[in-house]
Amino acid sequence: MDEKKLAIIATKGSLDWAYPPFILASTAAALGYETQIFFTFYGLQLLKKKLALEVTPLGNPGMPMPGGMDKWFPVLGMTLPGMQGMVTSMMKQKMKSKGVASIEELRELCIEAEVKLVACQMTVDLFDMERTAFIDGIEYAGAAAFFEFAGDSDICLYI
Amino acid sequence: MADFDQELDASGLNCPLPILRAKKTLSSMGAGQILHIIATDPGSVKDFEAFSKQTGNELLESKEEGGKFYFLIKKA
Numbered sequence: 001m002d003e004k005k006l007a008i009i010a011t012k013g014s015l016d017w018a019y020p021p022f023i024l025a026s027t028a029a030a031l032g033y034e035t036q037i038f039f040t041f042y043g044l045q046l047l048k049k050k051l052a053l054e055v056t057p058l059g060n061p062g063m064p065m066p067g068g069m070d071k072w073f074p075v076l077g078m079t080l081p082g083m084q085g086m087v088t089s090m091m092k093q094k095m096k097s098k099g100v101a102s103i104e105e106l107r108e109l110c111i112e113a114e115v116k117l118v119a120c121q122m123t124v125d126l127f128d129m130e131r132t133a134f135i136d137g138i139e140y141a142g143a144a145a146f147f148e149f150a151g152d153s154d155i156c157l158y159i
Numbered sequence: 001m002a003d004f005d006q007e008l009d010a011s012g013l014n015c016p017l018p019i020l021r022a023k024k025t026l027s028s029m030g031a032g033q034i035l036h037i038i039a040t041d042p043g044s045v046k047d048f049e050a051f052s053k054q055t056g057n058e059l060l061e062s063k064e065e066g067g068k069f070y071f072l073i074k075k076a
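Chains as they are written, first to last, in the numbering used here: chain P, 1 to 159; chain X, 1 to 76.
Treat the hints as calculated values from the structure; they're not laboratory data.
Hints should not be assumed to be uniformly reliable.
[Stated by the list, open to error] Chain X residues, not near chain P, derived (Cβ > 10 Å throughout):
no.	residue
1	Gln6
2	Glu7
3	Gly12
4	Leu13
5	Asn14
6	Lys23
7	Ser28
8	Gln54
9	Glu58
10	Leu59
11	Ser62
12	Glu64
13	Gly66
14	Lys68
15	Tyr70
[Stated by the list, open to error] What follows is a list of derived Cβ distance ranges for each label pair:
no.	chain 1	residue 1	chain 2	residue 2	range
16	X	Gln33	P	Leu126	48 to 54 Å
17	X	Thr40	P	Ser14	41 to 47 Å
18	P	Lys71	X	Gly43	27 to 33 Å
19	P	Glu105	X	Gly66	27 to 33 Å
20	P	Ala144	X	Gly56	42 to 48 Å
21	P	Pro61	X	Thr40	30 to 36 Å
22	X	Ser11	P	Ala145	37 to 43 Å
23	X	Gly43	P	Glu114	24 to 30 Å
24	P	Lys94	X	Lys63	27 to 33 Å
Here the structure is a predicted model, which is why all the values come from computation and not from measurement.
Each residue gets a CB set at the ideal place from its N, CA and C atoms; glycine is no exception.
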């Protein structure tokens with residue numbers, strides 16, 4: 001059986017959107033896929049040594065809020081200082097109580113399973129990011145390198 | 001219940017952790033050995049079927065009892 005390939009582009013840097021690339025990549029690797037994630041723009045946040053990912057209901061009306069908070073709490077209230085941090089820690093608590101892995105854990109599982117993590121060099125330069133801020137063992141490349149892998153892939157996802 | 005060589009308790013863990021833990025445990029086992037998995041994630045029923053089909057590790061048994069899910073997987 002030929003090894004299947006999964007190519008993912010991760011473009012988002014919030015706590016909620018960090019999940020799909022790492023869940024799918026780690027699972028695919030467990031199923032025997034050769035897997036690569038190309039992190040670009042805000043997706044680069046997912047490669048930082050110190051993850052500081054947050055989640056917000058702002059501009060995100062589909063996000064369920066505990067206790068009907070979204071019903072009695074006006075949207076403007078969510079812009080108050082500290083609200084994003086509070087919502088983020090509530091979300092993290094909820095995930096923990098439901099046995100959902102942390103992003104740190106899923107990322108580690110991806111690395112263990114030899115998922116190749118590639119940082120978009122252009123975005124690293126654009127945002128003046130230092131390579132020392134990123135975890136070790138990742139590669140730095142551009143669009144052409146992505147296509148070298150994605151062109152041969154069986155599944156290609158843009159997240 | 002059939003005999004098994006190793007047991008993995010994935011109770012309380014949610015997708016995709018039961019699959020990932022099972023994969024990891026299976027890779028430390030020998031061909032033909034049997035892994036018994038306990039899970040509480042209802043999604044794991046379909047997921048272990050799919051895992052088995054895609055990896056060739058045979059799903060010998062899948063059952064629910066008292067809100068828990070039990071699987072027997074034979075390593076290919």
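Against the structure, the hints:
no., hint, in the structure
1, Gln6, "holds (17 Å)"
2, Glu7, "holds (18 Å)"
3, Gly12, "violated (5 Å)"
4, Leu13, "violated (5 Å)"
5, Asn14, "violated (4 Å)"
6, Lys23, "violated (4 Å)"
7, Ser28, "holds (13 Å)"
8, Gln54, "violated (5 Å)"
9, Glu58, "holds (15 Å)"
10, Leu59, "holds (14 Å)"
11, Ser62, "holds (18 Å)"
12, Glu64, "holds (18 Å)"
13, Gly66, "holds (18 Å)"
14, Lys68, "holds (14 Å)"
15, Tyr70, "holds (17 Å)"
16, Gln33(X) x Leu126(P): 48 to 54 Å, "holds (51 Å)"
17, Thr40(X) x Ser14(P): 41 to 47 Å, "violated (28 Å)"
18, Lys71(P) x Gly43(X): 27 to 33 Å, "holds (29 Å)"
19, Glu105(P) x Gly66(X): 27 to 33 Å, "holds (28 Å)"
20, Ala144(P) x Gly56(X): 42 to 48 Å, "violated (35 Å)"
21, Pro61(P) x Thr40(X): 30 to 36 Å, "holds (31 Å)"
22, Ser11(X) x Ala145(P): 37 to 43 Å, "holds (42 Å)"
23, Gly43(X) x Glu114(P): 24 to 30 Å, "holds (25 Å)"
24, Lys94(P) x Lys63(X): 27 to 33 Å, "holds (30 Å)"
When the structure is compared with the earlier hints, violations turn up for hints 3, 4, 5, 6, 8, 17, 20 and for no others.
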